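Asker: Work out the full structure, taking the sequences as your base and the hints as a guide.
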Amino acid sequence: MRVSIFCKEIRLKNLTISLMAAAVLSAPAFADTVRLGTEGAYAPFNFVNDNGEIDGFEREVGDKLCELAELDCSWVKNDWDSIIPNLVSGNYDVIIAGMSITDERDEVIDFTQDYYPPDPSMYMALAGTKDDAINGIVAAQTSTIQAGYVAESGATLVEFATPDETIAAVKNGEADAVLADDGFLRKYVTESNGELVFLTPTVSLGGGVGLGLRESDTELRDKLNAAIDTMKKDGSLNELIAKWFDGKKGGY
Amino acid sequence: MEFCADPSLISGWRWLACYLTTPKHQLFYLSFLTVFALLAITAPVVLLMGFAGAVARLSSFAPLRWLGTIYTSMVRGVPDVIFFLFVPIALDQLVELTRHKIKCPQVTDAVYRGNEFIVCSEAKMPLQDAAAWVHQGWGFVLAVIAFSIVFGAFAANTLFGALNAVPEKQLETARAFGFTERQTFRKIHVPQMWTYALPGLSNLWMILIKATPLLFLLGIEDIVYWARELGGSKTGYFAYPHPDWRLWYFLGLLVFYLLLTWLSGKVFDRLNQRFNRQNIDQQVLKPIEAGR
Chain E
1 MRVSIFCKEI RLKNLTISLM AAAVLSAPAF ADTVRLGTEG AYAPFNFVND
51 NGEIDGFERE VGDKLCELAE LDCSWVKNDW DSIIPNLVSG NYDVIIAGMS
101 ITDERDEVID FTQDYYPPDP SMYMALAGTK DDAINGIVAA QTSTIQAGYV
151 AESGATLVEF ATPDETIAAV KNGEADAVLA DDGFLRKYVT ESNGELVFLT
201 PTVSLGGGVG LGLRESDTEL RDKLNAAIDT MKKDGSLNEL IAKWFDGKKG
251 GY
Chain R
1 MEFCADPSLI SGWRWLACYL TTPKHQLFYL SFLTVFALLA ITAPVVLLMG
51 FAGAVARLSS FAPLRWLGTI YTSMVRGVPD VIFFLFVPIA LDQLVELTRH
101 KIKCPQVTDA VYRGNEFIVC SEAKMPLQDA AAWVHQGWGF VLAVIAFSIV
151 FGAFAANTLF GALNAVPEKQ LETARAFGFT ERQTFRKIHV PQMWTYALPG
201 LSNLWMILIK ATPLLFLLGI EDIVYWAREL GGSKTGYFAY PHPDWRLWYF
251 LGLLVFYLLL TWLSGKVFDR LNQRFNRQNI DQQVLKPIEA GR
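Protein chains in written order, with the numbering used here: chain E, 1 to 252; chain R, 1 to 292.
Since the hints were made in silico from the structure, they are not lab data. Predicted model, so just to flag it, every value in this text is computed and none were measured. You may find that some hints are simply not true.
[Claimed, not checked] With a cut-off of at most 30 Å between alpha-carbon atoms, the simulated DSS-like pairs for lysine-lysine come out as follows:
no.	chain 1	residue 1	chain 2	residue 2
1	E	K171	R	K24
2	E	K64	R	K24
3	R	K234	E	K64
4	R	K24	E	K243
5	R	K266	R	K210
6	R	K103	E	K223
7	R	K234	E	K243
8	R	K234	E	K130
[Said to hold, decoys possible] Short, incomplete list of chain R residues facing chain E, as computed with Cβ under 7 Å:
no.	residue
9	P23
10	I118
11	Y237
Ideal Cβ placement from N, Cα and C applies to all residues, glycine included.
Answerer: Pasting the structure below:
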């Protein structure tokens with residue numbers, strides 16, 4: 001299903017370019033325009049900055065990959081919840097939204113190789129929380145590998161549509177802890193002045209973060225894989241990881 | 001130095017002033033226009049569809065009457081949200097499928113392939129390389145259509161009831177004066193109907209206002225989307241970090257909607273008074289005339 005109405009666009013180009021695009025609307029499409037779908041609510045992977053633009057680690061990686069693969073790319077915002085359905089229905093061509101590669105998702109869509117290494121998932125809670133809170137009420141974002149893990153771990157899972165709401169749930173006591181990617185949670189902990197802490201247990205989930213594509217788009221997948229290879233070899237991917245994740249080592 | 005040059009160095013009112021005028025906030029303020037645009041476009045369309053539906057139900061031509069009855073009862077019997085979710089998807093796929101059949105007859109691959117829906121790139125609606133606002137605009141158009149279908153049926157019900165509420169005697173009188181059916185309908189029936197329709201329509205307008213956040217459900221960046229996005233807690237990755245402020249943003253929306261409905265109520269009260277005065281004149285005068 002093609003659900004253009006569910007997706008949110010980001011104005012990337014200035015008005016003149018927009019008007020030009022409108023003027024050539026009736027002309028045949030350039031096959032090379034690739035639409036990148038992201039959530040825009042998962043700092044530092046992807047978020048909407050104060051200028052109202054998509055920003056973050058994946059914005060830079062995506063733009064660089066498009067440049068290397070010589071693709072004309074535009075960015076689209078889409079809720080996490082419907083990000084896979086709207087990819088397969090042709091609303092955009094690539095998911096670039098901090099999505100971990102898992103077997104379950106691989107049955108529905110295709111992935112490129114990872115451009116962000118497997119990250120341990122961490123439990124974050126209010127200071128003073130005991131480690132056994134991981135068996136209590138645990139918040140996670142809907143349709144994430146963490147939500148799947150919590151559901152099977154025996155803890156009580158409370159799901160939220162956006163990552164931000166999972167943090168709010170811990171802060172206002174609705175949940176005992178939140179399980180999410182280390183890269184996403186770390187800033188909340190370091191900036192909380194000790195109010196928020198990581199619990200000791202960690203969980204290893206997923207095979208790193210990759211680009212999601214329709215299974216029929218093998219040509220695009222090969223192009224993007226080659227571009228990721230280039231970024232891994234010349235060290236630019238490690239640089240971007242260090243830049244956005246407080247000096248974290250990419251190890252590519 | 002510019003007033004808002006470095007947000008990390010300013011505080012207090014100056015910080016707030018800069019924060020509330022970021023380009024992202026401007027998008028939030030602009031999205032209020034989306035709500036007004038939806039209301040401004042939908043309301044007249046709804047009235048037209050409602051009128052068409054009501055007249056169809058009153059028609060002496062049976063198939064037209066069935067069509068009107070099916071339309072109103074179908075929409076009435078299904079929750080709005082289901083319609084709002086169904087209509088845009090169905091309409092979008094229908095448009096793309098039709099374009100695909102017309103523009104790329106040479107493509108023999110199936111459009112529905114497993115879980116994928118693939119039309120040729122010329123058939124995409126809008127095209128892949130269309131500007132962002134074109135994609136947004138298309139989404140908005142689909143939303144307006146969904147709103148019009150649902151609220152048009154409600155309006156049809158209201159107007160149908162109002163047309164039936166006009167006393168048969170008034171119409172008989174008109175006919176006795178030699179008015180044709182068409183003249184009776186246009187000069188007596190419809191003008192008299194508005195008095196009975198107005199309370200229902202004003203109610204419908206209020207419901208329409210309150211239904212506008214459904215735009216958010218359809219993925220359109222309306223005021224609810226931006227309120228949630230801006231209100232969420234912001235870490236140091238943002239120029240203006242702040243804790244969870246969703247409460248304040250939603251409070252703002254609450255005030256906005258209260259103001260809008262309160263103002264609408266005032267306007268409808270005025271309209272009601274005017275229509276009622278006309279009606280009372282007639283109702284009071286007629287018995288007097290008859291008694292004399």
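Asker: Does each hint fit the structure? Answer for all of them.
Answerer: Here's how the hints hold up against the structure:
1. E/K171 / R/K24: Judged against 30 Å, a Cα distance of about 26 Å means the pair holds.
2. E/K64 / R/K24: OK: E/K64 and R/K24 at ~24 Å, within 30 Å.
3. R/K234 / E/K64: holds, 26 Å
4. R/K24 / E/K243: holds, 24 Å
5. R/K266 / R/K210: With Cα atoms ~17 Å apart, R/K266 and R/K210 stay inside 30 Å; holds.
6. R/K103 / E/K223: holds, 28 Å
7. R/K234 / E/K243: Distance of about 19 Å is within 30 Å: holds.
8. R/K234 / E/K130: holds, 26 Å
9. P23: Hint holds; R/P23 Cβ to chain E Cβ min 5 Å, cut 7 Å.
10. I118: Where the cut-off is 7 Å and the nearest Cβ of chain E is about 6 Å from R/I118, the hint holds.
11. Y237: With Cβ-Cβ at 4 Å, under 7 Å, it holds.
Violated hints for the displayed structure: none, as all numbered hints are satisfied.
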